[in-house]
Each structure stands twice: as C-alpha cells, then as structure tokens.
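Here is what each chain is made of, one letter per residue.
8 protein chains.
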Amino acid sequence: MGKIKLDEIDHQILDMLIDNTRTPFTDIAKKLLISAGTVHVRVKKMEEAGIIRGSSLTLDYVKLGYSFIAYVGIFLEKTHQTKFVLERLVQIPNVTVAHITTGKFNIFCKIRAKDTTHAKNIIFKIDDIDGISRTETMISLEESINDKKRLMHTIFNEL
Amino acid sequence: MGKIKLDEIDHQILDMLIDNTRTPFTDIAKKLLISAGTVHVRVKKMEEAGIIRGSSLTLDYVKLGYSFIAYVGIFLEKTHQTKFVLERLVQIPNVTVAHITTGKFNIFCKIRAKDTTHAKNIIFKIDDIDGISRTETMISLEESINDKKRLMHTIFNEL
Amino acid sequence: MGKIKLDEIDHQILDMLIDNTRTPFTDIAKKLLISAGTVHVRVKKMEEAGIIRGSSLTLDYVKLGYSFIAYVGIFLEKTHQTKFVLERLVQIPNVTVAHITTGKFNIFCKIRAKDTTHAKNIIFKIDDIDGISRTETMISLEESINDKKRLMHTIFNEL
Amino acid sequence: MGKIKLDEIDHQILDMLIDNTRTPFTDIAKKLLISAGTVHVRVKKMEEAGIIRGSSLTLDYVKLGYSFIAYVGIFLEKTHQTKFVLERLVQIPNVTVAHITTGKFNIFCKIRAKDTTHAKNIIFKIDDIDGISRTETMISLEESINDKKRLMHTIFNEL
Amino acid sequence: MGKIKLDEIDHQILDMLIDNTRTPFTDIAKKLLISAGTVHVRVKKMEEAGIIRGSSLTLDYVKLGYSFIAYVGIFLEKTHQTKFVLERLVQIPNVTVAHITTGKFNIFCKIRAKDTTHAKNIIFKIDDIDGISRTETMISLEESINDKKRLMHTIFNEL
Amino acid sequence: MGKIKLDEIDHQILDMLIDNTRTPFTDIAKKLLISAGTVHVRVKKMEEAGIIRGSSLTLDYVKLGYSFIAYVGIFLEKTHQTKFVLERLVQIPNVTVAHITTGKFNIFCKIRAKDTTHAKNIIFKIDDIDGISRTETMISLEESINDKKRLMHTIFNEL
Amino acid sequence: MGKIKLDEIDHQILDMLIDNTRTPFTDIAKKLLISAGTVHVRVKKMEEAGIIRGSSLTLDYVKLGYSFIAYVGIFLEKTHQTKFVLERLVQIPNVTVAHITTGKFNIFCKIRAKDTTHAKNIIFKIDDIDGISRTETMISLEESINDKKRLMHTIFNEL
Amino acid sequence: MGKIKLDEIDHQILDMLIDNTRTPFTDIAKKLLISAGTVHVRVKKMEEAGIIRGSSLTLDYVKLGYSFIAYVGIFLEKTHQTKFVLERLVQIPNVTVAHITTGKFNIFCKIRAKDTTHAKNIIFKIDDIDGISRTETMISLEESINDKKRLMHTIFNEL
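So the protein lines, in turn, are chains A, B, C, D, E, F, G and H. Residue numbering for the first sequence follows this note's numbering, beginning at 1184 and increasing consecutively. Residue numbering for the second sequence follows this note's numbering, beginning at 1184 and increasing consecutively. Residue numbering for the third sequence follows this note's numbering, beginning at 1184 and increasing consecutively. Residue numbering for the fourth sequence follows this note's numbering, beginning at 1184 and increasing consecutively. Residue numbering for the fifth sequence follows this note's numbering, beginning at 1184 and increasing consecutively. Residue numbering for the sixth sequence follows this note's numbering, beginning at 1184 and increasing consecutively. Residue numbering for the seventh sequence follows this note's numbering, beginning at 1184 and increasing consecutively. Residue numbering for the eighth sequence follows this note's numbering, beginning at 1184 and increasing consecutively.
Here chain A stands alone, though its shape is the one from the complex:
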C-alpha cells in the first residue's frame, strides 16, 4: 500500500506512453527537454515499482471475427470454491475479465465469442465447472466505451 512518489516528469512520460506505448524514448526526451537516458531510467523505475505492469495491443475484435460480447454472472454452490473456480475460468481464454463481486453473483465475468453458437459453447463450458450451480448471461448489443486512457490522463493530472 506504500504508494510510489511520482514527480511531474514521470507524469508527462506516462501521459505520452498512454497514447502510444511505442513512442520512441528519443521523441519523449525531445519534448520534455531531457535526455533519452533519463526517460529510460524513469520508465525502468516505474516498471520496477510495479506501476507500469506492461503494455498491450488494442485489436479490433470485430475485424478478427469476435463480435459477440457477454457478461456472465456465476452462482457458486459454496463460496469456498471461489479460488478453485477462478483457476478453471483462467483456462478458458474467452474469459477476459473476472471479478469476485457483491450482490447476487459470486463471480462476474466477461466473455468474447464469435457468435451466438460460439457463446453458447463457452457458457456451457463455464456451467460445467465443478462448484458452479448456475449462471446468468447478459448480452452486449454494442460496446460503446472501452477506453482506459481518459482515466489514466485524469489520474496523472490529479497526482
């Protein structure tokens, strides 16, 4: 819980990497009027502190044939099975997000599939995990927002 102190330079570096993780360090250095080595050191420091945990591509799932998104709420038979069930869920790559939640569900997860039939097969695979008593599915008709960059900029402006 000990938070790392980030200074103004760190924020500006993060601000630029958020928009494009491939921005060359020399470009960042030029804009901030510091050396590329300094950028390198700062980024390394933030990686070691665990603030930057990596980077990921933003792909167009629709173009790749994966246009079907659903949220699946899971009811467990007993909550002490939570850890076991999560280990099984992680083996289904179509489960991209999973949370332990309050409210009526024990676990709540997000899946991406090709179409209705594919989604059915994934949901059936989830339903067959030992310890899961029932699931409820909510289907996305449109993914209108999926963007963490607005939040990241806000965080760094706030710090």
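In case anyone wonders, no lab produced these hints; they're calculated from the structure. Only a predicted model underlies this, so the values are computations on that prediction, with no experimental measurement involved. Beta carbons: idealized from backbone N, C-alpha and C, even for Gly. A hint or two may mislead.
[Stated by the list, open to error] Here are a few chain D residues that sit away from chain C, every Cβ distance over 10 angstroms (derived from the structure): (1) Asp1190; (2) Leu1200; (3) Asp1210; (4) Lys1214; (5) Leu1216; (6) Ile1217; (7) Asn1277; (8) Ala1281; (9) Asp1298; (10) Thr1300; (11) Lys1308; (12) Asp1310; (13) Asp1311; (14) Ile1312; (15) Asp1313; (16) Lys1332.
[Claimed, not checked] Keeping only pairs whose Cα atoms sit at most 30 angstroms apart, straight-line, the calculated BS3-like set for lysine-lysine is: (17) Lys1261/H to Lys1331/A; (18) Lys1303/E to Lys1331/C; (19) Lys1261/H to Lys1287/D; (20) Lys1188/E to Lys1303/F; (21) Lys1214/G to Lys1303/G; (22) Lys1246/D to Lys1287/D; (23) Lys1246/C to Lys1213/D; (24) Lys1228/A to Lys1332/B; (25) Lys1308/H to Lys1331/G; (26) Lys1188/G to Lys1246/H; (27) Lys1261/F to Lys1331/C; (28) Lys1188/E to Lys1331/E; (29) Lys1297/B to Lys1297/G; (30) Lys1227/B to Lys1227/A; (31) Lys1266/G to Lys1287/H; (32) Lys1287/B to Lys1297/C; (33) Lys1188/H to Lys1297/B.
[As the list claims (entries may be wrong)] Just a few of them, taken from the derived set where beta-carbon distance is under 8 angstroms, the chain B residues facing chain A: (34) Ile1252; (35) Pro1276; (36) Thr1284; (37) Asn1329.
Given the structure of chain A, go ahead and fit chains B, C, D, E, F, G and H onto it with the hints provided.
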C-alpha cells in the same frame, strides 16, 4: 465485415507484440528470420486495415490509489436517449467501459474509483445525467482476471 | 365456444395434411378409401368452421440469414395502452409472436433478426413506441424445439 | 453457412406460397408468366437446399379446445443436462417451442393446454423431468400476434 | 384492544356454530345442557362485543362457473393514494380480498373470475385505476386449502 | 362441470342467505311469497347439487388476539412433493388458504398469527416440512377488503 | 410483556442519561430538585426491571480505520439451521447486527470492515458457515443516520 | 484520515469503558495502576480527537413497547434528491439508521415501531416524502444480534 487475410508471418508478429508492444522490430525480425523492414510493412498494413487499433499501458491501479471497481447498471427513462446518455458517460473518465445490453439494464458500465466515497460521487454524477431513471451498483471485491492476451493468442492460433 | 364435431374421417384427413399441406386430395382419398370429392368437401367444411385457418411454409431462417431469436418483455406505462401498442408492434414484421401476459411483463413478444446489431435496432424500435416504459430481452442461444405437429396429432387422437 | 442465391423468380414463388401453401403450381406459373415445370423445379431446388423445410396447417386452437397458452422458464440443476432434458421435453407434445436461453432461465418453452387444470398437469410433468430443479410460469391472457408471414415477405423483399 | 372474556360455555357454542351456522339454538342447548334462552343471550353478547361479525355461505365457485383465481400485486405511483385506490377496488366485486402489504407490492389482492379472458378484463380494470402504476399477476392452478374452521377451533381450544 | 340450472327463486333465496345465513326460512318465504317448505326444498336441492357447501361464521380475529396476517410463498425442492407438502400444511391450522400457483412460487399460502413472534414460529414450522427448500414472507399491514358477498350478489344477478 | 410503570421523574432521568450516560447523578439531582440518592434508586430500579440494559461508547469507526459497512442477506439451506448459524455469526465480531427476517432472506446482518479486501474475507467467513447456501451483499456508501437518541426522547415524551 | 496513535494504556481504558461507560475513573485507575487524573486526561484526549464521540444507553425496546423492527429500502425518483430526503428522514425519530447504498435501493433504513399498525403509519410517512418513488419493507422476526462491543474489543486488541 470483410475480414483481412492474415498469414502465418502476421500471426507470429502479433503474437510477439501482444506480450510486449515495445518489442523492437529488429528483435522480431531476427526471430522470424525476416528483415526489420518487412516487420515494419506488415505492422503498418495491419494498422491501416484497422486490425491493430493502437496500444495501451497496463498500469497497476491499486498502486496508483485506484483500488475500487464497480459495475453500474443503468435504467433509462426512454431508450431513444441511449446515444445522448453515452455522450455524457464518455465525459466521466472513471467510466472505462460501457455497453448497450439485453436484460434488465439498458446500459451497463464499469467504473474505477479511489474508495467508497469517491465511488459514491461518481455514481451520483451518473445518476444525475438527464434520461437516466435509476442505477444499480455491483461492487468488485477482487479483480481476479483482467487479461486479453490469452484470448489474442487463441485467436491467432485459430486463424 | 361451440365446438364443431369432427368424425374419424376428418381426423385422418387432418392427420395427413399436418405432415404435408400439399398432399394431393387424390392421395388422401386413396388412403382413406373415399372419393377425392369427399376429401374436398370435408376440408372445405373445416375451413368454413374456422378450424383450418390456412397453411404456412416452414422456412429455414438460418439459411435465409435470420439466425438471431430473442424474447422481449414489455412494461407499459399504463395498461390501457395495450391495444395501441399492439397495433404498433404488428407493424414491425420481425415481431412474429406477441402475448398479453400475467407476471411482470404486460406484453411478451418474440423477434427474429439477422444478428446482434440488427436485434439492437429492432429492440430500439420497440422501445420507442409511445406507452412502452421499458423492455427486457432474453436471447435464444438455440431453438431446440419449434414444432406444432406433435401437438396437432395428439389433439386429433384425443378427440 | 453458405447461403443459397435466390433470384427474383424464386422470391415471387415463395411470396405466393407463403400466403397459401396449397396454391397450385399452374396458378403460380400463370401469374409469373413461366411454365408450371419451372415452378416445380424451383420449389424442388429450394426444398433440396433446405430453405423450404415443409409446410404446416394453421389451426384454430381455441375452436379445438386448446385455449390456454403458457411460457415456462426452466432452471436446470447443471447445464450439462440440457440435451437430456430437451429429449424429455420433446416427448411432451404440448411443448410446442423450446429454446436454450441467456438470462435467468436455462431453457424457455411454450405450452398449449386446454385449461388451468390441464396446464397444471403439463407443468407438473415438466417439473418431474430429472435434472430440472425449478420452473417459473407466465400465462398468456391473449395471443395477440402469431404470424410469420409478415416477416417472410420482408425477407424476400430485402434479398 | 380490550379483549372480551369468553368462558367455556361460549367456546362450546362457537365451536358448534363454526361447523354449521344454521344449527338451531335448541340443539346447541340440548348438547350443552343449558336453556335455549341462554344460548340466545350468549350469542347476542358475542355479536354485540363484535366477536361474531356475521355469517357467510360457502359456495362452490367452480360449479357457479367461477373457477379462475388470481393474486394481483399492485404498485402505486405514490402511497398516499392507498386509500383512494382501495375505494376503487371495493367497487370491483371480483376483488374478494385486498391487503396493504410490506415487500415489493403496495397492495396485494385476490380475484375470482370465470376464465382467462374474464381475468384479463378484471386485471385491466384494476390497471386503469388512477394512482396504480403497474400490477403483477400470479395465477392459482389449484385452490388446495380454503378453510378457517381449523383455525377457529384452535383459537377456542387455546383460550 | 355440468352446471345446475338455478331459477329466479333460487337466486333470491341465495341473495338473502348470503347476507345472513341464519335468516329463518319463514322470513325468506314471506318475502318471496312462497311457502317455507318450498324454501327448504330449494336450499336442500342446492346443497345436494354441491352449490351450497356449508356456512361459516365471520369472526373478528383482532378481537380474538389474532391480528397478524402474512402471505408465505413456498419453493419446493421437487414439484412431485406438492401433494405431500399440502397434506402437512393442512395440519397447521394457522394456514387458512393455500394455492398451487404459477410464477416463482410452487405453493402460496396465507397465515393468521397473534404477533411477530408467533408468526415466526409458524413460518419455521412450515420451513421444516420435508420437501420445502425455501419460503418468502410478505406481511399484511392492513386487511382492507375481505368480503365475498359483493361477488356472490354479482354472480346471482348475472345468472 | 408486563410493562413497568415509569413516572415523570424516571423519564426526566432517562432523558438526561440518553444524552450523556456519564452525567453525574449529583448533576441530575440538582436539575430535578431531588436528592442524588433518589436518582440512584430510580436508576437501579430501571436496571433491575431490565429497561436499562447497559450503556455503550459511541466511537468514530472511520477514525479507527473501520470505514466499510455492508449489509449481508443470508439464504439458509433449511431454516431449522437458524439457531446454529446465529451461534456461528456471533463468533465473528464484525457482525454487529443480525435479524431473522421476512422476505427473501432468512437472516439479514450488518458488518463493519476496514476496506474492500477485509470485507471480502469477512463475507467469505460467513459464506463458509455450514447451513448457509448463499449470501447477497449491499454496500453502504455513506452512513447518513445512526442515532437512537431521537427515538428514545420520543418514547419518553410519549409515555 | 490521519489516524490518532493510541497506546496500550488507551486501549485498556477503552476496553473497560466499552463494557460500562459509567465505570468511575478511580476504578479504571486502580486496575491499570495509574492515577485517576491520567485516565481523565487520556479520555479527554480521545474525545477531542473525535475517537470517542459520546455514549448511549442500551434500553430494552420490547419492555418499552417498541418490539417491531423493519428495514425499509427506498427508491428515489432522482438521486440528486438524496440529501433532501435524508433531511426529511432525520425528522422521523423512528428511523434510527439510514445508509446511502449500492444495489437496488438508493437509501436503506431501519425503523422501530410499536406494532404492525404503527409501522404502517411510519412507512406511509416515509413514502410521502417528496422525491421518494417507492419503498420495500423487510420485517424483523427477531433481533438476534445487536452488539458492537465484540467488534470494539477486537479493534483494540488488533491495534
């Protein structure tokens, strides 16, 4: 809906970039026994085709003081307000995901906040958008899975 | 409520027409050892009595590009709008079935669409009808049974 | 998933058969200014392609004493019993429609019965199938729309 | 709240009248070895104290053509309309019972109708009362118990 | 299901008995200008036909210390236990009404108790019946209508 | 259930102690123009009668690091386990309130925790108690009122 | 959010006051082998730091005629009315607890009343507050745990 044809080389390039978007093209080229220029051309092609839409940092939100995640289900007064409401939601940076959904909610979104009080203020901001009649919140007690890389690898192995 | 009396011959005629409405009357006549004229008279009688209301083709909707089925539960602002809303629903050809129901919904209907996006547009059209306050959608992952013939045979065996 | 190409003539033939499956091919031929043989060949082609799967009578269930319609939502103990349960449901002729669904139910079906007591017996029969843990019933007070012809005409006009 | 003191004789009189309100006082008198005048005085006293509020026939509604029973849960727009709505409900004779309740409904009532269509009309009449925003109906498939006599005997044995 | 034909005289007799089952037959006879014997014969006929099944006292439960009314919805483990559970319910005299119902409950019943603690004990007794998996209770804050006489008069006016 | 008769002096003593349980008896005596001994006797009497059951500190939980409040609804497998489950709940000090309730939950309790993760662990501990089949959690975003003094003053003014 | 540092002596003082807020400081001093003045100074310090916010009597509500407890979930028309509604709720002394909550309710509160009729009147008063669209009530059949002392001891042992 016209899908782009990706060949084996494209898949291998994507496979390497998924794990680290900052992998230098020269490293990729060396591994695949092709020229760095070829890597560059291929990536450019996939960007132009819209398959690669960008890249994003994976930050540790807990370390940044944002440990509170909630899902908010939104009931609209009338569905023809959907577009209007989404335009307002996009102005709240803490709303990182929003879907038009089937089932009891009209819109379903995900928010990240610092703590309970911060979450309350964000939820109140959402509740005050014109056209929203009511919201229901489900709180995450643990984000157990948040990983699209397993799916991406599966997609490219399948193609 | 006055039920028409059907005799054994009528039942056998109906039994054959249920399986194939295009069965020539001469074939039916031959099987039942009666004249084709008698078959004609009997069928006409049942049409006039309103027992036979017509015939319909059974098409393969998936092959025609309509593979998406959903059930939509409708909440009205006031029930006296029921008739008005049903008149609007009948103008949306994708609404193939609609019932006034007990339980939480006022009207419950079935829609057929091409895919998720098409379904969204149809649901939005329904949501925009005056007098409808909210809808809830349940999506079919597989149409496992859609067959009235088993029931029809049962009815005629029972009579 | 490979869709059959239907031309203008096919659509017009279907359009006429939708309204009355017993329309003689000679009548269709006359209207379309083609030979009866051509109509025959076209219909046969569409039957072989699986687009036309058959035809069914439209009976007046109220006149036949079957005025009671209900929708029954089924909760399974485990989803891997889905196939088994559907095989049992198909043996109850009063179950005219059954879907595997998203949302709170695993299977959702439609039944036709004579009256309240008859409906109770059918629901009890469903409840007694192994693997079904609970059912919820929604009763139709009026079947306001039950008509696929509007949709069929729309599909052929669209093609 | 001041309860009337009933003695052993009163209880025995009530016990006999519960089973048949038309039992002649002379018969009761004979069994209890008291005078018919005493029975008369005692019954009068209990009527004046308000313990006996009257008597009612137990009719067979099925034989009278009223075989359809439903429970209707009513949601009000505002609870201060409760009294007004109850005054309207009392004008619909098919509403035989109505309670102000805790839980999701504001008012919960029981209706008796001839059949599904009749029930629909009564529910529509209820839905049209000013101040009612929505109703939910639960249909009885069988009235298995409707008997206050067991309770009455218990009360008098307990006193 | 064969309904008994009641004539105008029968209706008038029932109409008078509904308001007071103890009305002497001589009074009825005088009002209708018929003999007391005729009244006797008519009532006997309606009793034998099963239309009049008996009569019951209307007691003031509040004055008798029974002011607490609740509705209890019962979920069964399996519906084939319905009959068995009803046999157990009938042994609890505080259960004055019980229905097999559609919707979320299998059985729905009404109980009368002295106060909250008494109600808890009755509900616990119900919960302990074999085959009952869960119950949900809705408490009456006021019994606003409990009157079948309005309906009875309507029925006889209608006949 | 026999209520103790409290007189005007008793009420005034209670009224002063409600606001500050540590008010010296001499201060109370001075204000009421009675002797400190009388105050002592009166308080003792009310303690012995069980009206005053003790006193408790009002601590600021947020300052003590316990800012997270949740309500947890508990579903039991069978209600006869109620007593057993309550004995287990009492061993979890974070459960500060627990009620046997009507409605959908069997037991409803309130917990205080340090943060989301702490709450998760407490909820898991509850979920693991034998006899509990499922829980639903509702999280407090703000404790706006927690004050019995207004009620106590009202009660004493009313008496 | 700056937490006050409490030492071992502070904890022991609090531990004793929790069990009886009227424990004389001289008794505490004797047990802890410190001077009464020190106890006084420490308690004062904790009061000024806001950790001790006061003390309250624990009364026996059943003996005082207040045996009816209910939880009331409130739905607002718009959440920006939250503050206004809470100001109205605080004027009803029977509302002893109120929370702004996640989940289906906007505000969740606890009320204490004399009996069913009294509870009805309080709920009606709540329902009539402007901005409240609907309430749902859950009634306590038994208050099994109401004790913060176990938690307080745990907190001080933990510190």
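Consistency of the hints with the structure:
no.	hint	in the structure
1	Asp1190	holds, 14 angstroms
2	Leu1200	violated, 6 angstroms
3	Asp1210	holds, 13 angstroms
4	Lys1214	holds, 17 angstroms
5	Leu1216	holds, 23 angstroms
6	Ile1217	holds, 19 angstroms
7	Asn1277	violated, 6 angstroms
8	Ala1281	violated, 4 angstroms
9	Asp1298	holds, 12 angstroms
10	Thr1300	holds, 15 angstroms
11	Lys1308	holds, 13 angstroms
12	Asp1310	holds, 18 angstroms
13	Asp1311	holds, 18 angstroms
14	Ile1312	holds, 14 angstroms
15	Asp1313	holds, 17 angstroms
16	Lys1332	violated, 7 angstroms
17	Lys1261/H to Lys1331/A	holds, 28 angstroms
18	Lys1303/E to Lys1331/C	holds, 26 angstroms
19	Lys1261/H to Lys1287/D	holds, 28 angstroms
20	Lys1188/E to Lys1303/F	holds, 27 angstroms
21	Lys1214/G to Lys1303/G	violated, 50 angstroms
22	Lys1246/D to Lys1287/D	violated, 35 angstroms
23	Lys1246/C to Lys1213/D	holds, 28 angstroms
24	Lys1228/A to Lys1332/B	holds, 24 angstroms
25	Lys1308/H to Lys1331/G	holds, 19 angstroms
26	Lys1188/G to Lys1246/H	holds, 10 angstroms
27	Lys1261/F to Lys1331/C	holds, 28 angstroms
28	Lys1188/E to Lys1331/E	holds, 22 angstroms
29	Lys1297/B to Lys1297/G	holds, 15 angstroms
30	Lys1227/B to Lys1227/A	holds, 28 angstroms
31	Lys1266/G to Lys1287/H	holds, 29 angstroms
32	Lys1287/B to Lys1297/C	holds, 22 angstroms
33	Lys1188/H to Lys1297/B	holds, 24 angstroms
34	Ile1252	holds, 7 angstroms
35	Pro1276	holds, 4 angstroms
36	Thr1284	holds, 5 angstroms
37	Asn1329	holds, 5 angstroms
The structure fails hints 2, 7, 8, 16, 21 and 22 (numbered hints given earlier, in ascending order).
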